[in-house]
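Line by line, the protein sequences give chains E, B, Z and F. Using our numbering, you'd call the opening residue of the first sequence number 1 and step up by one each time. Using our numbering, you'd call the opening residue of the second sequence number 1001 and step up by one each time. Using our numbering, you'd call the opening residue of the third sequence number 2001 and step up by one each time. Using our numbering, you'd call the opening residue of the fourth sequence number 3001 and step up by one each time.
No wet-lab data here; the hints were simulated from the structure. Zero decoy hints are in this set.
Computed far set for chain B versus chain Z, every beta-carbon distance over 10 Å:
#1 H1031
#2 P1033
#3 E1045
#4 P1056
#5 K1061
#6 S1071
#7 D1076
#8 K1101
#9 W1179
#10 E1203
#11 D1241
#12 Q1347
#13 E1349
#14 D1448
Partner residues aside, some chain Z positions facing chain F, computed with beta carbon under 8 Å:
#15 F2011
#16 I2023
#17 L2104
#18 S2127
#19 L2247
#20 G2251
#21 T2257
Predicted model, so just to flag it, every value in this text is computed and none were measured. Note that the Cβ used here is the ideal one computed from N, Cα and C, for glycine as well.
Here is how the chains run, residue by residue.
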Amino acid sequence: MNLSATDLSLTVDGVDHLKNVTATFPPGRLHTVIGRTMAGKTTLLRALAGLQKVDSGSLTLAGSDFLKTPVWRRDTAMVYQQFINYPHLNVFDNVAFPLKRAGLSRHEIQRRVRQSLASVGLADFEKRKPSQLSGGQQQRVAMARALARGTGILLLDEPLANLDYKLREQLRDEFKALFSDRGDTIVIYTTTEPAEAMMLGDVVLVMHEGRIIQTGTPQEVFERPATTTVASIINDPPMNIFGGRTEGGQVTVAGFQATHVSAHLTDLPDGAYQFGLRATDVSLASSGVEAEVTFVEISGSETFVHVVVGETPFVVQIEGIHDVALGDLVKLQLRPDRLFAFDEQGTLVRTPSYDLASVERR
Amino acid sequence: MRSRPYRALVAVAAVAALTATACTAQSEAQHKPKDKAGLFKPGSEISYKKYGKDYPATKVKDVPGPCSYDSISRKDYSGQTLKIISHAVPVIGEPTQLHAKQFEDITGGKVEVVNVPFGELHQKILTPLQAGQPAYDVMFYPSLWIGDIAPYLAPVPKTYLDSPGMKDVTPAYMDVATWNGKVVQYPVDGDRHYLKVRTDVLEDPERQAQYRKATGKDLQVPRTWAEYQEMAEFFGGEDLDGDGKANYGSAEVTKRDDLTFSAFISRAAPYVKNPDVKGGVFFDVKTMTPLINTPGFVRALDDMVKAKSTWAPGGANFGLGDEIFSFGGGQTLMSYSWDDAFIQAQQPESRIRNKVQAAPLPGSAEVYNRTTKSWDRKANQAPYFTWGWTSAVAKASRHQQMAFDYLCFFSNEANAALDLTIGRFGVNPYRYAHFDPAFWEQQGWEKDVAESYVRTLAGMEKSTNRVFDLRVPGVNQYMSALANGVAAALAGQSSPQQALDGVAEEWSKITDQIGKDKVQSAYRDVVALEDNS
Amino acid sequence: MDGLRRHKSMFLLPGLLTLFLIIIFPLLFTIRVSFSGWNVSNPQMDFIGGANYTAMLHDSRFWASITRLLLLAGGTVLIQYVIGFGMALLVWREVHGRRFWRVLFLVPMMTTPVVMAAIWQTIFHESLGPANDLLGMLGLTRIPWLTESGPALVALMTVEVWQWTPFMFLLLLAGLLSLPREPFMAAAIDGAGTWRTFWKVTFPLMAPVSVAAVIIRLIEASKLSDSVYVLTSGGPGSSTETPGYYLYIKGLRDQQTGYGGAMSLTYLVLMTVTLTVVAALLTRALKLKGAS
Amino acid sequence: MRSRLYPVFKYTVIALWACFVAGPFFWAMTTSFKNANAVQGGPTYIPWAQYEPTLTGWRNIFGGAGGIDVIDPFINSAIITIAASAISLALGSLAAYALSRYRFKLGFIKNSDIVFFFVSQRIMPPVVLVIPFFYLLQWGGLLDSIPGLVIVTVALLLPIAVWVMVDFFNGIPREIDEMAMLDGCPPFQTFVRAILPNSLPGLTVAAMFCAVFGWNDFFFAFRLTFTEVQTLPQAVVALNSSIPPWWTLSAAALFGVAPLVLLALWVERLLSKGNLSGAVR
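Full structure from sequences and hints, please.
This is the structure:
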């Protein structure tokens, strides 16, 4: 029952929305598609759902042509980024809507709706109209409707994007539980949030400018981002990427020389490279590379300090709230053992030996 | 919810299909009545009272004859439906409805009447006739349209022509009903324009003295349009009858697409109808050159433009109804048009009842002679037999006998007598029997009033210098062009001469469009009436 | 939604075909009849070439009526828009008796134009009507409402404004009620006054509704004819004649069907072009306004 | 910010406009209780004080002598208006839905052109249409029949329905359609189950316009019927002869407005609830 896309392409007004997208979605797995805004994630979901026609390529479900199947027979449920429910129906009827279309008995409908509403924590809201609910509740209704049917394919298009931070975290945790027992369902979940993708996904697909540029388990993608683009997409804040050279085992980056080179880079042939370093692997110290602060963000218990070294921008993530002001001169410490090396085209050539367990799950 | 839009579609399709099939089934034969027992004893008393509490309690005797209540009630028309088109309520429309109800009651048939405003009537009658759609069996319309409608009419059968009621119709109205030698219209109304004046003012010695002092002339019923103008001017704007409101000299029909063309022809008649000149008033019948811009018509339009100062407020936009109320309601001293205003003034509840008098239309001191192209200086009178309501039966009708029976019933002696007394019905004398002062005196008219009325009407019948309407095909176009020219001059948009030149040009175009031969042959009949040949 | 090509015609076609079928015959008929001499005594489809069109070119009444219509339709619609918008603004927010006003202000458009024109005729009756009576009470001179061209045009426009301002009122009120709240809050925070808020916020936000309402009213107003017929029958002279009424006189009353057809088609083309241009201009003007 | 005079100004303006709007109704109301003499006595307004009221006008519209009977025409008008409005709304909202949701392209013709085609039908002067309609209905045997008038009225109303509904549907998020389809509804069911129930305000506005134009159509009803089918405006116009009975005319005018005033009340209720939001954009 694999859902397989082969070479799906769509160009609108000269812009590639999908470019030779080839992917296989086996059942029972949760796929997260991560990419920046406009990367083609939504288009991909809409193409899978049949809401968007593609220019070329094929789509099969269990080997049979899925492109020819009309939307209403694709046995697909979708949750939108906007909270879309039927405005004229109350919560119960919203969830019951697809069940009625499927021709289930009244009793069965009632059972499933109740169960589904309970699973999203809305058991007491059956009689409300969507407009009388908060945003989070509305999205739960949408979730409940998508889940109640037990469709073969479940598509979630950035379902948490329009919620505030707190709710997002809460719902994300609930989703994890909800998706854990979906049996044979093919679940595809798009997001711009690396943490969401990593945490929820059994498989992560990284999209950029209409292409899938890497597919793998969260660990694979995290440890071995295939390109600088992937590296930048799957990290939040994006991985610092900067140019540098190796010469005789010495690495020179951003105008300073690494004091000691980590083992994984010693065998790099001499030449120009791009290096990547996560924001957590840069720190402010009393000594190090001189940098000027351009911007400071404080988020929760962390501080993101944006600096420039010469021309090269860096983001430094440090725990706790720090009193750094715009224009301050600071000193950076980089962790050479965590440097990713990419060739000049941006393809990964060396990856640090990473202990995934040490990466905090945010 | 789900199937509603589709259901509506299916319903429309079904209804359309059903109706289409239902309407194709038609039988061709003429329907005849069965006999039944009569409902009235000969000579029984007839009153309209039971048809509405607003009808007068007047009673008349049913006059025996083929059209009487008695005779008609012996015919059984049950199962048949007669379709009638008539003018709006009440003028001619109300009697049409009333007699339809009576006819239904006494024959068991069904009569459907539709009432239509004047401006729409022509087109509403003619379109189905031309399209071959049997829309109406009986049509009531202004008699001047005969040229357009005659081809579609059933001639009046001999039995009806021989009825006593028909024999009593005056020759002028029989002429009006005749087309190409056949009587195709059933006379139900007699119409003409004449002058109405307020006697309480005219005969007031004080006013007479005032008038003599100012003009050096006697105050009397005007005999020429010049006198009419002089008097109208003299009395304009003052409260003459002590009702606290200003009175005005003249009320005329001036609203462009109302019946202004008839008012204008009344004013023009004595200037243009020269008893010594034959061959047409509106056209030279030999060449079909329009005469509408000749000096006689131009002078009439000059007169009318001058008369503006004598009109009541709004008088430049008076429809017939306004004219009727303005004179009939006592606002103006003088007026000329059909009988309606006079009858309105003589209604029982009228303030000016028996303070009015009828007289022939004013004449002129000179009349234009188009052969010599000069004015003949002689007093001239030319009664204008302005169109009136008439009725006819469609050739395509499958209920012709029922239709003629209805018309014969409509106009039977009893009904005609009662109808004449109800002003708003618009039914006016057209039989010799109606020219009897005694009849009007019975209605409460004073002797002088009744006599002036009957004398005026009967006098017109005797005249040999009569003007008739332009009874040719396309008459509406001609009259619409004329009204437009008259209105332009009245509004000061162009001089009378310019305006009428424009009308003449239009008329030539219309004649070309309709076909000169067609118009000419029809116009010959009109000229024959006018030239008494 | 593009994968549904088969279904889209299923939705569109019933309506489109119905209208097309009902309209196409009259349109073709009119085109054909405009080249014929069809008239009252000759109701036939003969062929007389472009004679009707040539005659029309020289028909000054027709062209004068079109010029007059531009003034009448443009003027009344503008007045309707201003009053309709004003009234909608006044009863939009808190006002005592809001529901009553709203219903009352809607009612005139529910009335039958021919019938109400007849009532208006009695109102403008120079001696028996209340219009002059009221002027008298106010100590003003009486006005010859229907017998002089200036007052007659005013009377005509009054009737049109009375009858159709509610249409504007309804569209604009509904538009106002559906406006988002945020821009108003922002304006309030900026301390913008009533007048400024209107010009900077309300009016630009209402631009799309305004354009739609004005265009649809222009379309309807261009057919102005019933009230002309009843009130003045085009007079005095021909000073209140509109194309709608002139077409009626020629095409129906005089039954010059062929000539009427030629004028109708010309009128149709002129109106379609004019209205399209006006719509485009209005849209652009108001968009610019909205952007500023 | 607002001057203290503002409320005074506001209520004055509202009251002035209300007087203008209500004036003709008041005049018709008072005239409907007059008779010929009261009318000819010059303008009067207050019954008993200024004139002796009678019921003649009102009696005359219910079959009194010299009047008309408005009951049958009322029923005919109601049937025609309701049927034509229903068909126009059905066809119109289907078409409007298509024009709002799908892209059409036929040569240079695009959606906006099709919408314009619909709306442009209102530009046609009625005079153009009436003669051909006559022949069309004659051909179909539908002259002087209710179905015939319904068909013609649909042609008049359909453009209005499409115009209102296209705008309205454009205001409903497409995602609702998509969701309904994903939930198993084929396109037509999507329309009926997901979109129509959310279109009540739009349908109400469209229905009101349809009802107003359908109810008040005189021009076509008048010329395409003979005797069988008379509509209310026709019946009232039948009073318009050379002696216009102002009182009967006034009574008839007021009678004809009554049902539509109820409609106005309903529309206002929707307005007040804010349900019309997005109905007209």
